[in-house]
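**Student:** Listed below are the residues making up each chain.
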Amino acid sequence: MLLPTAYLVVRVLDEGVSAWEDITSVAARQAVVRTVALATTVTAASVALGVSLGWLTARTDLPLRRMWTVLLALPLAVPSYVGAYTFVAAFGPRGMLQDVLSPLGVATLPEIYGFRGAWLVLTLFTFPYVLLPVRAALHMMDRSFEEAARGLGASRAEAFWRVTLPQLRPAIAAGGVLVALYTLSDFGAVSILRFDSLSRVIYIRYTSFDRGSAAAFALVLVALSLVVVIGESMLRGKARYHATTRHAAAPVVRLGAWKWPAFAFCTSVVIISLVVPLSVIAYWLARAATDDSASWLTREAAWNSVYASGLAALVAVAASLPIALMAVRYPGALASVAEKAAYTGYALPGITIALALVFFAANYAPSLYQTMPLLIFAYTVRFLPQALGSSRTALLQVNPNTEDAARGLGRSRATVFRRVTLPQIVPGLTSGALLVFLTVMKELPVTLLVSPIGFDTLATRVWSATSEGFFARAALPALLLVALSSIPLLVSVLREERA
Amino acid sequence: MCGRAFLLACAALVSTLALAACSDDDGGPSITLYSGRNEALVQPIIDQFTADTGIEVEVRYGDTTELAGVLLEEGDNSPADLFFAQDAGALGAVSDEGQLMTLPQPVLDLVPAKFRADNGQWVGLSGRSRVVVYNNTAELTDADLPDNIDAFTDPSWDGRIGWVPTNASFQSFVTAYRLLEGEEAARAWLEGIQDNNPTVYPNNGAAVEGTANGEVDVAFVNHYYLFQFLAEQGEDFSARNHFLSGGDVGALVNVAGAGILESSDHKEDAQALIEYLLSKVGQEYFANKTYEYPLTAGISVTEGLPPLESLEPPEVDLSNLDDLAGTIALLQETGVLQ
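For the record, the sequence lines run as chains A and B. Heads up: the first sequence begins at 1 in my numbering, then just goes up one per residue. Heads up: the second sequence begins at 1 in my numbering, then just goes up one per residue.
Don't read these hints as lab results, they were simulated from the structure. We put the CB at the ideal spot given by N, CA and C, even for glycine. Some hints here could point you the wrong way.
[To be verified] What follows is a list of derived Cβ distance ranges for each label pair: (1) Pro155/B x Glu21/A: 34 to 40 Å; (2) Leu104/A x Glu191/B: 36 to 42 Å; (3) Ser279/B x Ala6/A: 42 to 48 Å; (4) Ser279/B x Leu104/A: 55 to 61 Å; (5) Gln30/A x Pro155/B: 25 to 31 Å.
[Said to hold, decoys possible] Calculated pairs, SDA-like style, for lysine to any residue (alpha carbon to alpha carbon, straight line, at most 20 Å): (6) Lys289/B x Asp47/B; (7) Lys289/B x Asp52/B; (8) Lys267/B x Val59/B; (9) Lys289/B x Ala472/A; (10) Lys267/B x Ile453/A; (11) Lys340/A x Arg329/A; (12) Lys289/B x Ser467/A; (13) Lys259/A x Thr60/A; (14) Lys114/B x Ser319/B.
[Said to hold, decoys possible] If you only want the chain B side, here are some residues facing chain A, beta carbon under 10 Å, derived: (15) Thr32; (16) Glu58; (17) Glu73; (18) Pro165; (19) Tyr201; (20) Pro202; (21) Glu232; (22) Gln233; (23) Ile328; (24) Gln332.
With the sequences and hints as input, model every part of the structure.
**Tutor:** What follows is the structure, encoded as structure tokens:
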């Protein structure tokens, strides 16, 4: 997990003092401030959206609740660079919306480029990272506390703020940290929307073959990611919330007069985070000459995407288990360092991870270089935190008393893990695997530079077409990418509903 | 049991990975190409090369500078035999690290001296001219446009310009400006354009589309993007190219080129690909399919494109356009790049 950081240190040491001067310049400080501002506001907005929508879809009599449950998870299947392209096409200057509105006398739309656009796009395509764990936690939560609070005379709002919300803290923190780190690492959306965050600064250094300076800036990102992760563990606190008993039917909150405003809220989120991007892609598709578009999509690319993402999901979950076990059952300095180290890779732009692995593999493990195992390893390094968060949350929900009881009955540690712990955490592990699967489906820089040669995925097809402005050709692979990502997401959401 | 299923899945996974690790190719001549040029643009001619010569080509597609970065990290252990780059700068960066071999003189002699490396380590395969693409629906015609790039610093162009500061071709142009007119003149030009509040585009395609959509009146790009849009969207696409003249630096003609890796074990086959791309078949392909300038003698350009001989580009040694670091520093000092 520390490979990328080690690589960065090597590069910065090569560079020496000038790297330090580079990252302490005024321009660099401004880039840091901009990046922190973006990450903070995106995370805050995602938490607000994730918690409110999670509560609405898990606990209330919202009309068409099941439909919203499914639709609100789907924006996660839209890559943020595709989201950004579609937003520029839809809301950009002289975009589709402008074309519709200009006869009505609307001369200019609010600026989509810059901070506002980057904030909007990143929020809309990352809030499910918060929504999914929050909803899972709401389903798992021991409701007797809430009922007790209500019984003691607390109002519904008080019960939510003082009883429900604190219990949601681990879920909010786990989702929020993913959003924050994703925002730090994102290059696609910020470059399309022209916002100069650190990842874009790093990329520009690479384009001028200034590897030392790029590495210095990447280390700044590593430092920021540590701040985020330490902040998360402080927010999460030491508290544990084991479910003692399962309460079947939760009292459904009646929204009353708020029913339709809540309905409108869900509708508008789905429209801008799902309907808009899909409509733009559909428009590109309709504009494409059919044979041209179809030729740009191979069955192999679709299979490769699913295959590599599936493998990476399994490996990442397997790799996350020991770290999560250590962190939950044997907390201490070692566990804490291992856990935080795992998160550092996630805040780095893909290009940095890719070049780090190129450097180490080409020079120290040439037989692995540009093979599937290395690609899967690279994905794991990059996306382990997504599996780690879910694994840890799942393990936290397991009451250690059940394990102790089995041990007391003379079972070995391994047997207890396999027969007592694992069955209880499988749902949690599955949701971690799902997150990794979805993200690898969308992953681009590592796939382009580290994969076996000629290894095409849907994401590289989309890149290949859009990088030369052939949006029509990008439409079909982009649509299929979203569709294939949606299937496991749908299955998981529906299963959670049934449980 | 869930636990057992999980273990089985892990076992299956390990064996898949082991299998994947030992898969091997099946003999026959084969070379590995790192292509910074887009798949849609070069794969057809590579397929044709394989059909004609029996030499298989494994291609890793990527961004030119990212691939150059990969080559630098790989060093002597690079699996690549050949590097095909969008611009001379990236080839220069790899050449500077001593990772390219010197090409044989007969290959170099196929193109004019100004379109290949001084040290003979890379050769141009196709040419592209910098142009000013303009929105031809506004009250703007080719004749209204100035013949030099400096004129665009005039305040009358405030809010009307689009550019792509992150683009390698743009950066090569700035490097040429520094080389021809000096550091201070280049700085003044960049500041002059900055004062006119240019719109920053993420790539040339977006800049040309933005121009056609009227987001800006003009944009500084390479000549061939327009022809791709015209082919895709027809003559209604409302942008056209304006060529600067009189040896103006804004009329720079740069090349996409290739070099062979010193570490390659298949140098002859790699050279065969370069020769093929410089043959009549290869050059006609670039002329008609990617709308670029052929560099060898006797090949005509695509319809609507003024011939290479009619252009009035600046006299500049492309081999000297390798001080990208200096250009980036200037772009940062002037606030064009963050």
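**Student:** Determine for every hint whether it applies to the structure shown.
**Tutor:** Structure-based check of each hint:
1. A C-beta distance of roughly 36 Å is found between Pro155/B and Glu21/A, which places it inside the suggested range of 34 to 40 Å.
2. The hinted window of 36 to 42 Å between Leu104/A and Glu191/B holds, with their beta carbons roughly 40 Å apart.
3. At roughly 47 Å, the beta carbons of Ser279/B and Ala6/A sit within the given window of 42 to 48 Å.
4. Checked against the hint of 55 to 61 Å, the pair Ser279/B and Leu104/A passes, with Cβ atoms roughly 57 Å apart.
5. Under the hint 25 to 31 Å, the C-beta atoms of Gln30/A and Pro155/B, about 27 Å apart, fit the expected range.
6. Restraint check for Lys289/B and Asp47/B: satisfied, since their Cα atoms lie roughly 14 Å apart, inside the 20 Å limit.
7. Straight-line distance between C-alpha atoms of Lys289/B and Asp52/B comes to about 19 Å, which keeps the hinted pair within the 20 Å bound.
8. With a C-alpha separation of about 16 Å, the suggested pair Lys267/B and Val59/B falls inside the 20 Å cut-off, and the hint holds.
9. A hinted pair counts as satisfied when its Cα atoms are at most 20 Å apart, and Lys289/B with Ala472/A qualifies at roughly 18 Å.
10. For the hint linking Lys267/B to Ile453/A, the alpha-carbon distance of about 19 Å falls within 20 Å, and the restraint holds.
11. With a C-alpha separation of about 16 Å, the suggested pair Lys340/A and Arg329/A falls inside the 20 Å cut-off, and the hint holds.
12. Only pairs whose Cα atoms come within 20 Å are accepted, and Lys289/B paired with Ser467/A is accepted, the gap being roughly 17 Å.
13. For the hint pairing Lys259/A with Thr60/A, the CA-to-CA distance comes to about 9 Å; that is within 20 Å, so the pair holds.
14. Distance restraint check for Lys114/B and Ser319/B: the Cα-Cα separation of roughly 8 Å lies within the 20 Å cut-off, and the hinted pair is therefore satisfied.
15. Because the smallest distance between the Cβ of Thr32/B and any Cβ of chain A comes to about 6 Å, under 10 Å, the interface hint for this residue holds.
16. Interface hint status for Glu58/B: upheld, as the beta-carbon distance to the closest one in chain A is roughly 5 Å, under 10 Å.
17. Given hint, Glu73/B at the interface with chain A, holds; its Cβ is 4 Å from that chain's nearest Cβ, closer than 10 Å.
18. For Pro165/B, the interface hint holds, the least distance from its beta-carbon to any beta-carbon of chain A being 9 Å, beneath 10 Å.
19. For the restraint placing Tyr201/B at the interface with chain A, the shortest Cβ-Cβ distance is roughly 8 Å, inside the 10 Å limit, so the hint holds.
20. With a cut of 10 Å, the hint placing Pro202/B at the interface with chain A holds, because the nearest CB-to-CB distance is about 5 Å.
21. This hint holds: Glu232/B has a C-beta 7 Å from the nearest C-beta of chain A, less than the 10 Å allowed.
22. Taking 10 Å as the C-beta contact cut-off toward chain A, the hint placing Gln233/B at the interface holds, the least distance being around 9 Å.
23. Taken as an interface hint, Ile328/B checks out: its beta carbon lies about 4 Å from the nearest beta carbon of chain A, inside 10 Å.
24. For the restraint placing Gln332/B at the interface with chain A, the shortest Cβ-Cβ distance is roughly 6 Å, inside the 10 Å limit, so the hint holds.
In the structure shown, no violation is registered for any of the earlier numbered hints.
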